[in-house]
Amino acid sequence: MDLEREGGRGANQLRPIDCSRNVLSRAHGSASCSHGETRVLAAVYGPKAGTKKNENPEKACIEVIWKPKSGQIGKPEKEFEMILKRTLQNICLLNVHPNTTTSIIVQVVHDDGSLLPCAIHAACAALIDAGIPLKYLAVSISCCLTESGKILLDPNKLEEQKMKAFVCLAFPSSVHSTLMERFDKTIWHKLIHSNNKGGMVEEIGKAVEVSGFINGRIPHDFPEGVYIRNVKNGNSMREKVSNLYRPVLKANGVLMFWFAGW
Amino acid sequence: MESKPSTTPSSFIDQQVFPGDVVLDLSKMANQTIKLGGGLRQDGDVISVMKAGKLRFSKPNKYWVESSNKRYVPSAGDNVLGIVVDAKADNFLVDIKGPTLAFLPVLAFEGGTRRNIPKFEMGTLLYVRVVKANTGMNPELSCMDASGKAAEYGPLKEGFMFESSTGLSRTLLSSPTCPVLETLGKKLAFEIAVGLNGRVWVNAASPSIVVLVANTIMKTESLSPVQQKIKVESLMQRMR
Numbered sequence: 001m002d003l004e005r006e007g008g009r010g011a012n013q014l015r016p017i018d019c020s021r022n023v024l025s026r027a028h029g030s031a032s033c034s035h036g037e038t039r040v041l042a043a044v045y046g047p048k049a050g051t052k053k054n055e056n057p058e059k060a061c062i063e064v065i066w067k068p069k070s071g072q073i074g075k076p077e078k079e080f081e082m083i084l085k086r087t088l089q090n091i092c093l094l095n096v097h098p099n100t101t102t103s104i105i106v107q108v109v110h111d112d113g114s115l116l117p118c119a120i121h122a123a124c125a126a127l128i129d130a131g132i133p134l135k136y137l138a139v140s141i142s143c144c145l146t147e148s149g150k151i152l153l154d155p156n157k158l159e160e161q162k163m164k165a166f167v168c169l170a171f172p173s174s175v176h177s178t179l180m181e182r183f184d185k186t187i188w189h190k191l192i193h194s195n196n197k198g199g200m201v202e203e204i205g206k207a208v209e210v211s212g213f214i215n216g217r218i219p220h221d222f223p224e225g226v227y228i229r230n231v232k233n234g235n236s237m238r239e240k241v242s243n244l245y246r247p248v249l250k251a252n253g254v255l256m257f258w259f260a261g262w
Numbered sequence: 001m002e003s004k005p006s007t008t009p010s011s012f013i014d015q016q017v018f019p020g021d022v023v024l025d026l027s028k029m030a031n032q033t034i035k036l037g038g039g040l041r042q043d044g045d046v047i048s049v050m051k052a053g054k055l056r057f058s059k060p061n062k063y064w065v066e067s068s069n070k071r072y073v074p075s076a077g078d079n080v081l082g083i084v085v086d087a088k089a090d091n092f093l094v095d096i097k098g099p100t101l102a103f104l105p106v107l108a109f110e111g112g113t114r115r116n117i118p119k120f121e122m123g124t125l126l127y128v129r130v131v132k133a134n135t136g137m138n139p140e141l142s143c144m145d146a147s148g149k150a151a152e153y154g155p156l157k158e159g160f161m162f163e164s165s166t167g168l169s170r171t172l173l174s175s176p177t178c179p180v181l182e183t184l185g186k187k188l189a190f191e192i193a194v195g196l197n198g199r200v201w202v203n204a205a206s207p208s209i210v211v212l213v214a215n216t217i218m219k220t221e222s223l224s225p226v227q228q229k230i231k232v233e234s235l236m237q238r239m240r
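Protein sequence lines, in the order shown, are assigned to chains A and B. The numbering of the first sequence is the numbering used here, which starts it at 1 and goes up by one. The numbering of the second sequence is the numbering used here, which starts it at 1 and goes up by one.
Keep in mind the hints are simulated off the structure, nothing from the lab. Any given hint could be a false lead.
[As the list claims (entries may be wrong)] Only part of the chain A face toward chain B is listed, based on derived beta-carbon distances under 10 Å:
| no. | residue |
| --- | --- |
| 1 | His28 |
| 2 | Ala49 |
| 3 | Ile91 |
| 4 | Pro133 |
Note that the coordinates shown come from a computational prediction; the quantities given were computed from them, not determined experimentally. Think of the CB as a built atom: it goes at the ideal place given N, C-alpha and C, for glycine as much as any other residue.
Next up, chain A with everything else stripped away, as it sits in the complex:
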């Protein structure tokens, strides 16, 4: 794939990821994450007593507020809020503190493409910083299909605007485990979330067979094609992005960690 990308990036290469936690002194948990130029700040408050009216009082409630860099709050912001809420509800343990509300406020500092994965990483790191009980961490990646049929990972704003189709996927992060032999690998192919615009139904050919082991709510097979064609197996990509969290969270204060491509 000899496509010209800004900065000489390969089609499979991610931008440098940088994450720091405990950046806000008043929030109960906070984190700032950036993928290249895209930067998102997340703050977590909670758990606080009481749930909202239509929510189940036997479980904890998660509330997401998405704040764009500028402009009024409208439908796109509500959509992001809903996506983030469902993704985070999947990773949080909701029965540890029933009848409480945890608020996550996501502030977009700069949008240079691949905004949703950046927001998911920032929200995840902020939840860990606040000590909210989680089942596992989430890692997320976005990819797009260009006019010429090439597939690119982690598109920036210009690439996103010129693309034909776009998909964003989130997975549980890989973990360290004491049980090696009995490791049930199918868990880690679970898809937490997929969000896509556009799709070339005709292009689905060989990709279909390989996607058998994945279970998750995928509307059609196109995302599977993107995912598998560019990555040897889902594991290597997930493992690399998961490595991001560990050094950051080892520090007591703020630690910057750089990661680039593979």
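For chain A, the structure is supplied; the task is to place chain B on it using the hints.
Just chain B now, kept in the frame of chain A:
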């Protein structure tokens, strides 16, 4: 590879662990009783981590994850600093920085009867003991120790209260005495109450001592014991 190739639980002890990490495989440990503290949960046949922190083990069989947060998870037997939010007929509602408000029964005082119910205003700072803390219920507090004596519990008058993390509270309460308190105590006279929920109260004869103690504790939170001693000495020099 996705996982560390290790089969013994001891390999994770005193290591940083993250939500989702599997630390114990119960199918290998038949007929053993294990006690799980905060931050761990049982997920079928394995014990996995809920919160990021250091995994700790104490003999014979207790595992827990130690983490430092700004919020507090109530657990029975802890001494905390609470702030009165409201007074009802049977309880005071007290905020202890947990997921829910805690109840302090009106009679939970030494020699407490219906006739001498204490009058706490909103905002009163109390040093209390957590009696019960079950999931889904509001924690219950008491101003008496287990044998029914008052034992220093009750309202804290004057002084200054500041909030920090639960990790700092544990450091201040550790034994042997934490270096900051030891060095400060050699030269200054002050009174201090530490709540495991991240609240610390300091009182002294003059406001400048109170400010010095409070600032020293807050600034030396992330330093090593040796650095703490040095920092405290330099801060005290400036005071003279």
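Hint check results:
{"no.": "1", "hint": "His28", "result": "holds, 5 Å"}
{"no.": "2", "hint": "Ala49", "result": "holds, 4 Å"}
{"no.": "3", "hint": "Ile91", "result": "holds, 8 Å"}
{"no.": "4", "hint": "Pro133", "result": "holds, 4 Å"}
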